[in-house]
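Protein chains: 2
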Amino acid sequence: MTVFELMINRRSVRVFIDKEIPEDVIEKLLNAANNAPSGGNIQPISIIIVKSKETREKLAKIIGPQPWVKNAPLSMIFCLDFYRVKRWAALSKIDFQGEHSLGHFLIGYADIMCAAQNVVMTAESFQLGSVYIGSIQGTMDKIRECFSIPKYVLPLMLVSIGYPKSKPETMPKLEKNIIVHNEKYRILNDDDILKAYNNKYGEFDEDVDAYLEKAYIEVLEANKQESGNWLKLVKKRIKSLDIQNHAQFLFKLRYPTEAMVKQTELLFQQMRNAGFKF
Amino acid sequence: MTVFELMINRRSVRVFIDKEIPEDVIEKLLNAANNAPSGGNIQPISIIIVKSKETREKLAKIIGPQPWVKNAPLSMIFCLDFYRVKRWAALSKIDFQGEHSLGHFLIGYADIMCAAQNVVMTAESFQLGSVYIGSIQGTMDKIRECFSIPKYVLPLMLVSIGYPKSKPETMPKLEKNIIVHNEKYRILNDDDILKAYNNKYGEFDEDVDAYLEKAYIEVLEANKQESGNWLKLVKKRIKSLDIQNHAQFLFKLRYPTEAMVKQTELLFQQMRNAGFKF
Chain A
1 MTVFELMINR
11 RSVRVFIDKE
21 IPEDVIEKLL
31 NAANNAPSGG
41 NIQPISIIIV
51 KSKETREKLA
61 KIIGPQPWVK
71 NAPLSMIFCL
81 DFYRVKRWAA
91 LSKIDFQGEH
101 SLGHFLIGYA
111 DIMCAAQNVV
121 MTAESFQLGS
131 VYIGSIQGTM
141 DKIRECFSIP
151 KYVLPLMLVS
161 IGYPKSKPET
171 MPKLEKNIIV
181 HNEKYRILND
191 DDILKAYNNK
201 YGEFDEDVDA
211 YLEKAYIEVL
221 EANKQESGNW
231 LKLVKKRIKS
241 LDIQNHAQFL
251 FKLRYPTEAM
261 VKQTELLFQQ
271 MRNAGFKF
Chain P
1001 MTVFELMINR
1011 RSVRVFIDKE
1021 IPEDVIEKLL
1031 NAANNAPSGG
1041 NIQPISIIIV
1051 KSKETREKLA
1061 KIIGPQPWVK
1071 NAPLSMIFCL
1081 DFYRVKRWAA
1091 LSKIDFQGEH
1101 SLGHFLIGYA
1111 DIMCAAQNVV
1121 MTAESFQLGS
1131 VYIGSIQGTM
1141 DKIRECFSIP
1151 KYVLPLMLVS
1161 IGYPKSKPET
1171 MPKLEKNIIV
1181 HNEKYRILND
1191 DDILKAYNNK
1201 YGEFDEDVDA
1211 YLEKAYIEVL
1221 EANKQESGNW
1231 LKLVKKRIKS
1241 LDIQNHAQFL
1251 FKLRYPTEAM
1261 VKQTELLFQQ
1271 MRNAGFKF
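So the sequences go chain by chain: A and P.
For the first sequence, counting from 1, position 25 maps to 25 in the working numbering; every step adds exactly one.
If you count the second sequence from 1, you need to add 1000 to reach the working numbering.
If you're looking for bench data, these hints aren't it; they were derived computationally from the structure.
Among the clues, some could well be false.
[As the list claims (entries may be wrong)] Here are the simulated DMTMM-like cross-link-like pairs (lysine to aspartate or glutamate), alpha carbons at most 20 Å apart as the crow flies: (1) P:K1184 <-> A:D18; (2) P:K1195 <-> A:D141; (3) P:K1224 <-> P:D1095; (4) P:K1184 <-> A:E27; (5) P:K1093 <-> A:D190; (6) A:K262 <-> A:D141; (7) A:K262 <-> P:E1183; (8) A:K184 <-> P:E1027; (9) A:K51 <-> P:E1005; (10) P:K1093 <-> A:D242; (11) P:K1086 <-> A:E175; (12) P:K1093 <-> A:D192; (13) P:K1176 <-> A:E27; (14) P:K1277 <-> A:D141; (15) A:K93 <-> P:E1258; (16) A:K176 <-> P:D1191; (17) A:K70 <-> P:E1027; (18) A:K70 <-> A:D18; (19) A:K239 <-> P:D1095; (20) P:K1086 <-> A:D18; (21) P:K1051 <-> A:E183; (22) A:K184 <-> P:E1023; (23) P:K1058 <-> A:E203; (24) P:K1252 <-> A:D95; (25) A:K86 <-> P:E1258; (26) A:K277 <-> P:E1258; (27) A:K151 <-> P:D1192; (28) P:K1151 <-> A:E183; (29) A:K151 <-> P:E1183; (30) A:K173 <-> P:E1027; (31) A:K142 <-> P:E1183; (32) A:K86 <-> P:D1190; (33) P:K1277 <-> A:E265; (34) A:K86 <-> P:D1191; (35) P:K1176 <-> A:D24; (36) A:K151 <-> P:D1190; (37) P:K1093 <-> A:E258.
So here's chain A without its partners, still in its complex pose (with noise of 0.2 Å):
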């Protein structure tokens, strides 16, 4: 397959087979990370590699109800790593304040996301299936416990990876030309937004059985090897919440608003937990 075809074909992976990844692939995937862009080239970011069981376990512990970071043989998570560059700073005579620099995170974390999706893409050339879990941005504070993170230091993104027990169909995306503005933003009308929406989704009340199942059928294959009953409960969910629609699935169950913006005060005390304040 091409670059283009690989891009095209991915789609997240949570149920995998038991089988190691061979030490030459693993060191493959690390390096593209290592060569992803930087800004500046600075390259704020270090790598956990989480391969042990134990370790696995308690990672999954600490990230909650997402069996596919246990199952999974290999996890890396990917941290915005300022404690490195300011020792060097020290080192040097020259003070580096990312931790107070909104610019130095911002890039430090595109940084990261490059180093990230470099091993996504580099995983499925070599048949691989992966998963990002940003919800480790919930559990900052646990995280840098668990894994001995100093201070300056920000574990932000998770990556699971492992040989896919069957490759899912990509997921449903909007139309290209929803994304695509020609030489400046066109404002769409409600009309053009509501019809690239139900493009995307199809309608919801006509079908939700099958939506979910779609979409969630590696989340239900996971949730079934842990005896789970995760499509009866979200079922249940949904008419308990009177949902209506694709955009009350998302932001009334799985995203809900008012948790969302009040988790806000969450990630920034984590955030100044490890040292950082803007």
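Given the coordinates of chain A, assemble chain P onto it according to the supplied hints.
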């Protein structure tokens, strides 16, 4: 070249030949972006395509003295777009407040970086070169005005793309083992930190000319085309600032610590101007 080889051999390209990128290649770059992973598949992303000579010049004028922005046949402005998500949610009778949720902001920014890195790597596979321009973040107000970008949309990353005039050597990187940690974070001692950076950059005073000419070969070439004298100016600044090593070069000259910390308020202000307040 395999995906892995493409990633190992990529470096930023800033000097382009005068050759347009075929429309079908641009379509593929955009499809690769649109199929990038997205947290919750929310896709809070817009990409503004800059191709016309007129828009390229306007963009380059805002970005400042980086001639590659004007000279690249194609630039893409990657925007975090909560405007469309908010409108969709409102039309669906649910409130979405990504502009007040640091969590939504951080995951949305990760989304646009995955899309941007997909574009960069797909471009490599088509023999194109590209360069990230993170300094767009310092000019968000002007970019929003120039490109008619509405509230709740932040132009957070710029990528300029074209056919390379030549392919310079890759940049020096830290040894992989410096950024990789097994099962838990290990703190490097001072000797190891200094050694790691000396291995990356070489001794500073040994041959700063050779280093500058290698690391900035493309900046120099682009600058020569504009009949500038960048190298001479940089060397003068190195002398007047009494710069003794690579860390001082970075954090006295390129990213001066005080200015980087002070810029934080400007960045927050620009975000507030776009309706973002956490």
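Evaluated hints:
| no. | hint | result |
| --- | --- | --- |
| 1 | P:K1184 <-> A:D18 | violated (23 Å) |
| 2 | P:K1195 <-> A:D141 | violated (31 Å) |
| 3 | P:K1224 <-> P:D1095 | violated (52 Å) |
| 4 | P:K1184 <-> A:E27 | holds (17 Å) |
| 5 | P:K1093 <-> A:D190 | holds (13 Å) |
| 6 | A:K262 <-> A:D141 | holds (17 Å) |
| 7 | A:K262 <-> P:E1183 | violated (32 Å) |
| 8 | A:K184 <-> P:E1027 | holds (17 Å) |
| 9 | A:K51 <-> P:E1005 | violated (25 Å) |
| 10 | P:K1093 <-> A:D242 | holds (12 Å) |
| 11 | P:K1086 <-> A:E175 | holds (18 Å) |
| 12 | P:K1093 <-> A:D192 | holds (17 Å) |
| 13 | P:K1176 <-> A:E27 | holds (9 Å) |
| 14 | P:K1277 <-> A:D141 | violated (24 Å) |
| 15 | A:K93 <-> P:E1258 | holds (15 Å) |
| 16 | A:K176 <-> P:D1191 | violated (50 Å) |
| 17 | A:K70 <-> P:E1027 | violated (38 Å) |
| 18 | A:K70 <-> A:D18 | holds (11 Å) |
| 19 | A:K239 <-> P:D1095 | holds (19 Å) |
| 20 | P:K1086 <-> A:D18 | violated (42 Å) |
| 21 | P:K1051 <-> A:E183 | holds (7 Å) |
| 22 | A:K184 <-> P:E1023 | holds (18 Å) |
| 23 | P:K1058 <-> A:E203 | violated (42 Å) |
| 24 | P:K1252 <-> A:D95 | holds (9 Å) |
| 25 | A:K86 <-> P:E1258 | holds (14 Å) |
| 26 | A:K277 <-> P:E1258 | holds (15 Å) |
| 27 | A:K151 <-> P:D1192 | holds (19 Å) |
| 28 | P:K1151 <-> A:E183 | holds (18 Å) |
| 29 | A:K151 <-> P:E1183 | holds (18 Å) |
| 30 | A:K173 <-> P:E1027 | holds (15 Å) |
| 31 | A:K142 <-> P:E1183 | holds (15 Å) |
| 32 | A:K86 <-> P:D1190 | holds (11 Å) |
| 33 | P:K1277 <-> A:E265 | holds (12 Å) |
| 34 | A:K86 <-> P:D1191 | holds (14 Å) |
| 35 | P:K1176 <-> A:D24 | holds (14 Å) |
| 36 | A:K151 <-> P:D1190 | holds (16 Å) |
| 37 | P:K1093 <-> A:E258 | holds (15 Å) |
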